[in-house]
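Quick mapping for you: the protein sequence lines, in order, are chains A and B.
Residue 45 in my numbering sits at position 45 of the first sequence, with consecutive numbering throughout.
Residue 119 in my numbering sits at position 119 of the second sequence, with consecutive numbering throughout.
Please note that a few of the clues may not be correct.
Chain copies aren't distinguished; within one or between two, either way the pair holds.
[Said to hold, decoys possible] Straight line, CA to CA, 25 Å or less: simulated SDA-like cross-link-like pairs of lysine to any residue:
| no. | residue 1 | residue 2 |
| --- | --- | --- |
| 1 | Lys72 | His26 |
| 2 | Lys29 | Ile108 |
| 3 | Lys126 | Met142 |
| 4 | Lys126 | Phe35 |
| 5 | Lys52 | Arg15 |
| 6 | Lys126 | Ile9 |
| 7 | Lys29 | Phe136 |
| 8 | Lys29 | Asp78 |
| 9 | Lys52 | Ser31 |
| 10 | Lys52 | Tyr109 |
| 11 | Lys72 | Arg16 |
| 12 | Lys52 | Ser20 |
| 13 | Lys126 | Ile108 |
| 14 | Lys29 | Leu133 |
| 15 | Lys29 | Glu135 |
| 16 | Lys126 | Val24 |
| 17 | Lys55 | Asp23 |
| 18 | Lys52 | Arg16 |
Keep in mind the hints are simulated off the structure, nothing from the lab.
There are 2 protein chains.
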Amino acid sequence: MGNLGVADITVTQLRRVSVSGGDVLHILKESDLEFMGFGEAYFSLVEFNAVKAWKRHMRMTLNLAMPVGRAKFVFIDDGGAIREEVIGENRYARLTVPPGIWFGFQGIYSPTSLLLNIADIPHDPKEVERRELSEFAYNWEM
Amino acid sequence: MGNLGVADITVTQLRRVSVSGGDVLHILKESDLEFMGFGEAYFSLVEFNAVKAWKRHMRMTLNLAMPVGRAKFVFIDDGGAIREEVIGENRYARLTVPPGIWFGFQGIYSPTSLLLNIADIPHDPKEVERRELSEFAYNWEM
Numbered sequence: 001m002g003n004l005g006v007a008d009i010t011v012t013q014l015r016r017v018s019v020s021g022g023d024v025l026h027i028l029k030e031s032d033l034e035f036m037g038f039g040e041a042y043f044s045l046v047e048f049n050a051v052k053a054w055k056r057h058m059r060m061t062l063n064l065a066m067p068v069g070r071a072k073f074v075f076i077d078d079g080g081a082i083r084e085e086v087i088g089e090n091r092y093a094r095l096t097v098p099p100g101i102w103f104g105f106q107g108i109y110s111p112t113s114l115l116l117n118i119a120d121i122p123h124d125p126k127e128v129e130r131r132e133l134s135e136f137a138y139n140w141e142m
Numbered sequence: 001m002g003n004l005g006v007a008d009i010t011v012t013q014l015r016r017v018s019v020s021g022g023d024v025l026h027i028l029k030e031s032d033l034e035f036m037g038f039g040e041a042y043f044s045l046v047e048f049n050a051v052k053a054w055k056r057h058m059r060m061t062l063n064l065a066m067p068v069g070r071a072k073f074v075f076i077d078d079g080g081a082i083r084e085e086v087i088g089e090n091r092y093a094r095l096t097v098p099p100g101i102w103f104g105f106q107g108i109y110s111p112t113s114l115l116l117n118i119a120d121i122p123h124d125p126k127e128v129e130r131r132e133l134s135e136f137a138y139n140w141e142m
């Protein structure tokens, strides 16, 4: 089986429920098609302008939500196809990223954005490949 | 079996890993003792001074983390025992709340705090009991 491509990334608009004292923001349910199991959840802070790139997971499916701030995600697959998605407060959607796709992201909100990943396996450095920022010819200038 | 009491709430200090471009904040792993299964994850915003109270879950175990802001949680059990816990950026810890305990919380950070709940069952209004704020004689004044 070949790796999945950037067309296999799912974008799911998430509900924001108006509640007195502070809204409730949906993220993920066990009954969602994009839920592949629970391995670990963690937050990543993303400073304005900072770029975190590149990583590729061999086994992990990521479910990404950004309740604070805004970031641009860039995905590159084995066929060289590139896909960009911006999520955050103004576009509150979940990105489901299957294994096998290179990705990086950039904070585009000052001072800091907050990313949640609900991953189907726990963090395991042996299933993560990394490349230097310069190894893909992508222009991150804003 | 009687309901669990406020002494059965677990506070777990969480790691914050220093990363260039933005730190990584641990939340929950499937291997953690406090992980009771994945039903649903959602965020709750908490405005400064707002009080969200009172609720009691009949079946849900909550795993609560607060990466932005600060909130005071108040728990009351069947025996009338009261327990207070403050979590947030300055005390980045996870609260694991078993079913059967009344709770409420108050934002104590301006303008807004962000709470994550990783619950072991999906939201189900039939398993939530509610009481008006005034039904417990707790003084929320700061």
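The hints, checked one at a time:
Both within a single protomer and between protomers do Lys72 and His26 lie at most 25 Å apart by alpha-carbon distance, with minima of 21 Å and 22 Å respectively. Taking the closest pair of Cα atoms, Lys29 and Ile108 never come within 25 Å of each other, the shortest separation being 28 Å inside a single copy and 29 Å across copies. In this homomeric assembly, Lys126 and Met142 never come within 25 Å of each other (Cα to Cα): the closest approach is 33 Å inside a single copy and 48 Å across copies. In this homomeric assembly, Lys126 and Phe35 come within 25 Å of each other (Cα to Cα) both inside a single copy, at 23 Å, and across copies, at 24 Å.
Proximity of Lys52 to Arg15 under the C-alpha cut-off of 25 Å is restricted to the inter-copy arrangement: shortest distance 20 Å between copies versus 27 Å within a copy. Proximity of Lys126 to Ile9 under the C-alpha cut-off of 25 Å is restricted to the intra-copy arrangement: shortest distance 23 Å within a copy versus 35 Å between copies. Taking CA atoms no more than 25 Å apart as the test, Lys29 paired with Phe136 passes in neither setting, with 35 Å inside one copy and 32 Å between copies. Taking the shortest Cα distances, Lys29 and Asp78 never come within 25 Å of each other, neither inside one copy (30 Å) nor across copies (30 Å).
Taking the shortest Cα distances, Lys52 and Ser31 never come within 25 Å of each other, neither inside one copy (31 Å) nor across copies (27 Å). Taking CA atoms no more than 25 Å apart as the test, Lys52 paired with Tyr109 passes inside one copy only; the shortest distance there is 14 Å, against 29 Å between copies. When the C-alpha separation of Lys72 and Arg16 is checked against a cutoff of 25 Å, the pair qualifies both within a copy, at 21 Å, and between copies, at 23 Å. Proximity of Lys52 to Ser20 under the C-alpha cut-off of 25 Å is restricted to the inter-copy arrangement: shortest distance 8 Å between copies versus 36 Å within a copy.
With identical chains, the CA atoms of Lys126 and Ile108 are never at most 25 Å apart, being 30 Å at best within one copy and 41 Å at best between copies. Within a single copy, Lys29 and Leu133 get their C-alpha atoms no closer than 34 Å, and across copies no closer than 29 Å, so neither meets the 25 Å cut-off. Taking the shortest Cα distances, Lys29 and Glu135 never come within 25 Å of each other, neither inside one copy (36 Å) nor across copies (32 Å). In this assembly of identical chains, Lys126 and Val24 lie within 25 Å of each other by CA distance solely across copies; the values are 18 Å between and 36 Å within a copy.
For a Cα distance limit of 25 Å, the shortest separation of Lys55 from Asp23 across copies, 16 Å, qualifies, whereas the shortest one inside one copy, 33 Å, does not. In this homomeric assembly, Lys52 and Arg16 come within 25 Å of each other (Cα to Cα) only across copies, at 17 Å, whereas the closest approach inside a single copy is 28 Å.
Violation of the numbered hints given earlier is confined to hints 2, 3, 7, 8, 9, 13, 14, 15; the remaining hints are satisfied by the structure.
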